[in-house]
Structure formats: C-alpha cells, structure tokens
Amino acid sequence: MTERIAQLRAEADAAIAAASTSAELEELRVRYLGRKAELPNILRGIATLAPEERGPTGKAANQARQALDANLAQRAEQLAGGELEEQLRRDVVDVTLPGTPPQSTGHLHLLTATRREIEDVFLGLGFKIAEGPEVETVYYNFDALNHAPTHPARDRQDTFYVDRPEGDVVLRTHTSPMQIRALEAQPPPLYIISPGRVYRRDSDATHTPQFHQIEGLAVDTDITLTDLKGTLLAFARAIFGPDREVRLRPHFFPFTEPSVEVDVSCFMEHEAGGRCRVCKNTGWVEILGSGMVDPNVFSYVSEYGYDAEKVQGFAFGMGIERIAMLKHGVPDLRLLYDNDRRFLEQFG
Amino acid sequence: MKVPVEWLAEYCAPDLPVDELATRLAMTGTEVDRIEHHGVRALEHFVVGKVLVREQHPGADRLSVCVVEVAPGETTQIVCGAPNVAAGQTVAVARPGSIMPDGTKLKQAKLRGQESNGMILAEDELGIGIDHAGTMVLDDGLEVGAPLAGVLPLSTDVLELEITPNRPDCLSVYGVARETHAATGAQLALAPWEDDALGTLRADGSTASDLGVEIVVEATDLCPRFTARAFHDVTIGPSPPWLKARLMACGQRPINNVVDITNYVMLLTGQPMHAFDLDRIAGAKLVVRRATDGEQVVTLDDQERTVDSDVLVIADADGPTSIAGIMGGNRSEVQNDTTSVLMEAANWDAANIHSTSLKLALRSEASARFEKGLAPEQALDGQAVATKLMLELTGATLVPGTIDVGGDGLAHAKHAVIRLRDKKVVGLLGVGITRSESAMHLQRLGFETAERPDGLDVTVPPWRRNDVTREADLIEEVARLHGVNDQLPATLPRRRGAIGVLTPAQRLRRRAEDVLVGRGLLEIVGWSFDSPTRDDRLRLPAGDPRRAHVVIENPMSEDAANMRTTLLGSLLDVARHNAARGQGIPGIFESGRVYLAQAGRTLPHEHHALGALVPGDIFAAKGYLEALLDTLRVTLCVHGSTSEPQPFLHPGRSAAVRVGEELVGWVGDLHPLVAADWDLAGVAAFEINLDAVVAAARLVPDYEDLTSFPELREDIAIVVGANVPAATVLETVRAAGGKLLARAEVFDVYRGEQIAAGRTSLAIALTFRARDRTLTDEDVAPVREKIVRRLGEQLGGELRG
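Here the protein sequences come in this chain order: A and B. The first sequence begins at 0 in numbering that gives the first Met the number 0 and counts up one residue at a time. The second sequence begins at 0 in numbering that gives the first Met the number 0 and counts up one residue at a time.
Next comes chain A alone, as it looks inside the complex (with noise of 0.2 Å):
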C-alpha cells in the first residue's frame, strides 16, 4: 500500500509542476485530494486494513497529502503570480485618451463670487452684514443721507420712482439707506457692511440700470480717517494683492465729510510702451467713494442715541461689478446680466 502511496505522490508531483494554470491546478486538486480521490479514501480506509499496516499506511498517507498541499499552494502562488503579470500586461490602454467627466460641477455667478470675497475680507475685519429693502422710501434714500432737496440724484431723469399717488418711493440709488436703518436698529459701536442691488436710470457699456454695491460703516467714539485708510488699505490688498497701496483724493458726497474717493494701485503688469487697459497709465484705478459720517447723518438718528458730539464714523460705497469687471478684465458691463453659459462657466 505504501508503494501506490508513493506512485501516487510522485504522479501528482510532476503533475502538478506541470500545471500551466490555476483552472489546471484545481483540476489536479480535485483528482488527488478531492472527495473521491484515492489517497483520501485510503486515508478513510484505514480502519479496514490489517492492524500492522494500519501505521505505516495512515503515516505514509497523511504525509503524502500534506505534501501535496504544500505543493498545491506552492504552485498556485507561482501560477497566480504569473497569471497577474500576464493580467496586467493585457490591461494596458491609452492614457492619453481623455478622462471620463464626472457630473459637471456648477458654478456661482462672477457676482456673487465676488460679493462673497468682499464680505469674508469685511467679515475678517470685525464687520457684520445688514440687509434692507431695495424699494425704499425717499427719506432713507435722500433726505436722512443729508441729500439737498435739489441735489441732482433725486432728479427723474436718474432715479427710479415708484407709481405712488405720494411720490415718495423710489428703487434705491445706493446701499448707503442702509446706514441710517443699521444706526436706527443698534447704538454703537457698529461695524455693518450691507451687499445688494441698487438702481439708476442708466444703461451703456459701464452702466446697467440695475447693479450692486457695498456699503460699510463703522462708528464708535474714535474712528478717525486714518482708520477708514487702514481699513480700506487691508480690503484693497486682501482683494487685489498684497502689494497694493491705496490714495485718498478728497471728493463730495453729501453724507459724508470730508469726502474722499479712493484709488487703489494698478495691479496689472505694464509693458513698456503699451496702454494699461485698467489705468490707462496713470498707475491708479478708483474703486470707491467714502468719507467721514457727515454730523448730519448723525442729526437724523439722534433719538436712537447719536450724537455727533461723542461718536463719529466712517462710510464708504463700492460697487460689486466694478470689483468684478477690473479683476477679471470683462470688458462690459451688460455681459454680467446676460447669463450666457460661456460666460457664467468661466467664474465663480
């Protein structure tokens, strides 16, 4: 019996490292060690057989399939491991084909991308952000801004008015109602900036009748002009670049005094001899009005606790597509409100 034990194991050795392939080497597993493979059913049969040969027969056997085993594995590893190789080696492809898209991400509009720039950089600074109506009554809009009764803003010919029998109502020229109903709502210190859509009657390559702006007002006992520079100073470098420096270059606006308007640096690269598209050489681009709150503005909201005497601020205006339109370079105003796919795929 141990001689066909040994027959057997020596047929299944060279059959085994013969196998060419894992389907194979299973084959091989089930014919020699599988259910109705000899050296199992020997390994079964061992209580039948005479007692003496009992030992050396289950011994032998026992080894064998161990052996086998090993065997077994031994090649399956080698056989898989070649077979991997071959796998990948078959797996190979053009990689300079183009990637399969995922889902398009979207994107958000250029304006709110840039409103949204503004705000965190205001956000950072300590300031909050108050919103308010964008049909507003004449008082916010002109009379409580300190607005002469013939200042040219309030002209028709300029400004929005809504069909009222009272003639009172216009669609805001400014965000800057905004600062009378933000002192009306909280004694100070008050540090609000207010985004949102304005209205003029205008319409050309740089005026849309409708558009947006930034107002920003911080007022406390001590705020100084130097305070409005510093503050604009980190909102132009935060926006434009670090190295940009900002001039104030006094103005009038008739809610604030003094009145500056407020250029930042050029922060396009100049070659020699050509036109700067942005500053036309001048090496700077106004981006906004502002100025200290005029005592006047103060005067309309004493009841809720100002007094020109013991606090002062400062207020600036800015609008979101000119931000827009000079950091991206987008020639035209009206492309902004057009939504085209081409367009709107770009930013944002």
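Note that these hints are calculated values from the structure, not bench results. Backbone N, C-alpha and C define an ideal beta-carbon position, used for all residues, glycine too. One should not assume that every hint holds.
Which bits of chain A does chain B cover? Going by a derived footprint, with three or more residues having C-beta under 8 Å, they are [unchecked claim]:
#: 1; region: 132-142
#: 2; region: 149-161
#: 3; region: 178-185
#: 4; region: 226-240
#: 5; region: 315-329
Example chain A residues on the side facing chain B (calculated, C-beta under 7 Å, incomplete) [to be verified]:
#: 6; residue: P188
#: 7; residue: R246
#: 8; residue: L247
#: 9; residue: E256
#: 10; residue: K279
#: 11; residue: N280
#: 12; residue: T281
Based on these hints, arrange chain B on the given structure of chain A.
Below, chain B alone, put in the same frame as chain A:
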C-alpha cells in the same frame, strides 16, 4: 468746467507743468477729467507777415498768389483762397511745419501748379473765432516776422474740471484760481472786480429813473437780489480775438461783443449776466414775478415754452420776456442794431431754478450755476467786470448809477463764524495739524481766522456760505489742502467687541446656493425689472397675488416697468437666451429678491427667493429641491398641486412645496404652453421662498446615536391602487411602524403585466432601529405584520407575491 490755463495764469500761475498742476488739483479735491490742448502747436512757425504782392492765380478763379514778407527781408510765395486778401495787409502766417488745431502739419505744397509755402490764416483756422469769411487782417503796426503767439492767443492747455455740486464758486476761472492758490501756494492776483478802475460805481445810491427803466421785484422770496446798469452808444460788432479765443477755449461760440461779454463775465466770475436791448423793453419797466398758468415765453433758442405759477419770469409791458435765471427771451435780446443795453446781474432761489429747469427740460450755463446756489454779493462783482468790458469793447457810455433791488442789507450782513477746535481736527482725522497750518489753508481759500484759546474762529466768505456751515466742513477744507493722502497713516479701528460673523440666515443662504452649484447648476443673476406682459404669458389669473407688482413710474422702457414677483421669468429668459445660441438648456438657478406690493403699506413685501430651471421632468427638479432642503435639514412636504395649482405648471406633473404647514413654493414640469412661449420644451422648475425655508432650518442638530446598535433592514413590495400617492402609503407605513421604524423609503415603482391593471407596486425599504439594543427578527416581525395589515385595511394594499 473748462479752464484755459492761459486765462487761469492771469490770476494764479503756479510754476508747475500742467500735468503736475492737474494732479495737485485732483489731490486737493478738484477733479481733473482730462487736459486738452486748444489751438495750434509748433508755435515757432506762426509769424506776423505782410502781403507785398497779390496776383490772380493763373489756373483758378478763386485763388490768389501772394508774395508775403515773413521775416525782415525774407519773402515767400503763398497761395490764398480768401476773397479779401490784398497787397499791403498785415496778416497771420503759418509757415511749413506748423501744426493746426486739428493736428494736421503744414507742408510746402503746389496748388494748381503754383508753389505755396504756408497759409495766410483766417481766425477759424486758428481756433480763435468762427469767422471763415476771409483773411484775418492784423494791426499795421506789428513787426513783420514777429512771433504770432505774442499777438494772438494761439495756444493753451485747457483743464477740464469736474466741479462737485457743493462748489458753484469753482464754476469760474477766478474761483479755480483761488483754489489753485490754496492748492499750490502760488500767488493769487486781485479779483478782476477789485481791479476795476470803475469800482467807484459800486454801491452808487442812484435811483431807478436815472436808467430810463423801472425794475419791480414782486417775487422777493425767489429773487434775493436784482441789479442792473444801463449803457448807451453801444456799437454791436465782433469781439476782439483774445476774448473770442478764450470763449472758444472754454467751448463757447462767440456771437457779438455784448453777448460775448455776458458769457465772458460769467466764465470769469461765476455770475451769470443777461443783456437786454434797452429800447426793446416794452413800457420801460421790468417786473420780476411768478408767471400765470399757461403763459407763453419764446426763449433765445426760438422755442415757445408754456410756463406756470411756479416759474419765475421777467416781464415787460408785453408780457414775459425771460425765464428768470435760465434763459432770456428773443423779444428783448440784443440785435445788430442795438445801441442801448440794460445789463442784468441777479440772484435767484436755487431750488426754484432747479425745479423750473427740470420741469421745462431747459438747462443753461446760467441755470447750472444758479441751481447750486450763488451768493447775492456776486451780482455786483459781475456788473463791475461787465462795465469795464462794455466801455472798452463796445464804445458804450455808462449811465451813472446802479439799480440794486435787495442789495441794501448785504454790505452789513453778518457772515457766519464757526469755531474750529484743535482737538476736533485731530480727533476726526487721526493726525495733528497745527493751528497755524489750518489758518494758512483757510485764509488762502478766503476765510478769515482769529485765534481763540482752543482753536480758531473762522469767518466764512459769501461764496462758501451754503457749503461751509459747520466745524466738520472746516475740517474738510483743512484736511484736503493739508493732504488727506500723503500725510495720513493707515490705522485700523479698535472695534471694541465687534465680531464679524454671518447670521444663521446668511450662512444657510450661502449653503443653499453651494448645494446647487455642487450638483452642477449654474447661478444666474436676472433683472429685477419685469414686463407688464409677463403675467399673461405665465397665465396668472386675475387676482393672483403675483400680479401685485411694484410699478415704476419712469421705467427705462415700458417692458421693464414692473418689479418681478417671481424668479421664473428671469429663469425662462436665460434658458431661452442660451438655447437660442446653441448652448442647450443648462441647469440654472437664481437666488434673489422678489417684490410684492402690499395694499395700504408704503413699502412692498420683499423676500429672498431661490428658483431653478433644469432640463428634464418634475423629478429632475425635485431631486435638486430635495438635495437643497436636505442640506438645510428642512423636512420637505410635497403635495400634488390639485389644491393649489400653479397656472404656469403642468397640472398633473406639479406640486406644492410645504415646510410644516406653510406653503413655501412649487415644483413641476412647465406647462407646455408656457414652455412653448419661451421656445423651450422638456424643462422643469421650482421656486421657494428661501427666507421661509431658512427660518425652518435646523441650524444646530442634536447628536443621535446611530452606531452603538446596528439597524435592521427589510424590503417589502406592496400593491395599491394606482391613484394612491406614495406619500400616503409612506404615512400609513410610518404610523404603523411605531417607535422601532426609523425610516421608510420608496425605492422602486412598478406598473405592468405582472400585476393587475389599475394597480401599482411600490417597493419600500424599511429600516428598524432601537436605541438600547440590537434588534432581532422576533422584534421586527410583528411590526412588519402590523404595517402590512394596516396597508391592507386602510389603502387596500396587498403584499406582492
């Protein structure tokens, strides 16, 4: 305001190149729009010449061939087209190399075969007049070869200034000179009215009758001052070149000497003037009064204008002859045969001029100044300068005396005195400016200052009376001249306790937008304006709340006269815009305001809406809506729209969106008629009131233990009548499932051959969970049975085999 530098230099001439002067003015508050050049360039080629010989051009009837002496002993040949050119004339000559006002450079030329070395000039060719009738003949005393620039104002830079509405005093050359003086420190010449040799005429006490005309001011409230002087022996003719040149450089057209004087005086002093032909004043009497309603005035521009009782006119015996402060009338204007002139310099109520100018849509150089508020004191300044010029340039004699209605109190009027405290200057600006520096800046602007223990007492000059009324105004003057830019450090506010943070609503609004962007939609920004036809196109019935528009009284165009009450119009417009340009229909959304008029309220209701339009059907739109509300942790409730149908949606494929009990929006396929109206098909949309949704959002979620014990999942398929909404099935499932049922969701729907007609099979995933133990089949089996039983009892549902 155009200010020729040549004219400015007569009163203030800083030693600066013009671009540096412009920068200095800009940095002290006078914005310079641009610097223009008026007149010719390459001045060395323009000389005084003398025509020695004039002969007819052999080949052209209208041309002359002249021999011109252009330097002592040097002659040259010039072909000339002027009919009046003649031998012996002293003329202006442009030699080759000259650059003319339009930029062309003169070269030697041959005209019809005759050599021509330059031009004999007419005044329009130099930009110093409008006359092209013939050669400009100069004074015979001039030396041949002398530079023409020494004789005529050939060339000047012109500053085009943007004067802010608070500074009407700078709408004058002398006002800008004063500002230049303050900005640069360069010396300021005496004002032209102070320098007037006839200054003694001021404050003359003569009476009206001396002038041969009576002035009555009825509307004293609207006419604080009216002054007049009379001139006889006036000869109307052209103004001299220097005067015409200055007017031209300022952008004004010369007319005749008297009219030119009125314009010149206004440009120099800021005081508008008007010249009447004294003999054409009917009844020798002018009355300043409110017009009667419907009265007619024919103004200088030959327009007949109808005025009313809010309009101030100057009338004579035949009725209104001028619209006060805005435009004279043609009936009494100066004409070529005029020999007597009444020169008016008045002061008018700014608000009245402003409203009249708007009402009549009539603006003039005069009204632009009066409506900003001039000082009554200026009237006689204008008269003084005009008188001098009338005598010099028209040969006139002055009738002694001045009519001055309203001027009595002015000489003794108290000027405002404002205390400028040192501590307030530093307190507001953040930098110290010494008291003496402040005093210097203010004095240069014409303010008087007096030392006080805590600062300065500052007296405001009349021409700044309206603009400077408070300490803050003085601080502005000091700051801008001291230099708000160069002298100012950059600091940050102390921001005590101020924390920059978004409100929950602002944070969630951003989140909502980001969710849709993250899922592939493009954000659009539409117009707030809406066409009045839109409501019909959206099939809104009468009485729909969205028909309650805010209506604009003066829209840019009729199709933008309403404010929108829904975002759908913008979404449809943008979808069509893109589809029409071969861009397909991108999935888009807008996050913006809508405006609903409220009866009895001054202001409308405004809320922040969020709407989307996507290719596909209601389920495509609803997918985005669910993603959005899921992110905000708002439980969405969607019902078939039978109860609240939206007229612009497909009635069977649309739904109302509720949060709790509150209706917050809609979702659905667009109605085929609406889609077709916008040339679209296969699109669905939703719109929600984002303010209402955000208010319902769970901002701070509480922790729930979902990991300690596993959940147990089972699927069931239930067959119900096809008319039973899935939402109803799920409600029944949830009610029956009790505490152990954590979730129930439909994951498949089947209708077809394998089940009875009129029935639907819904596959529902059930998820069970207990907080305190791992659930077993024994726990769940009775619950599952109860669910199936209830579905059977309440909805006729049966388990699918």
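Status of each hint after checking the structure:
1. 132-142: holds (count 5)
2. 149-161: holds (count 9)
3. 178-185: violated (count 0)
4. 226-240: holds (count 6)
5. 315-329: It is violated: at least three residues are needed, and the region 315-329 of chain A offers just 0 whose Cβ sits closer than 8 Å to chain B.
6. P188: holds (6 Å)
7. R246: Cβ of A/R246 sits 5 Å from chain B, so the hint holds.
8. L247: Check passed: Cβ of A/L247 comes within 5 Å of chain B, closer than 7 Å.
9. E256: The hint holds - A/E256 has a Cβ within 7 Å of chain B, the shortest such distance being about 5 Å.
10. K279: Where the cut-off is 7 Å and the nearest Cβ of chain B is about 10 Å from A/K279, the hint is violated.
11. N280: Status violated, d = 12 Å.
12. T281: violated (9 Å)
Against the hints set out earlier in the document, violations occur for numbers 3, 5, 10, 11, 12.
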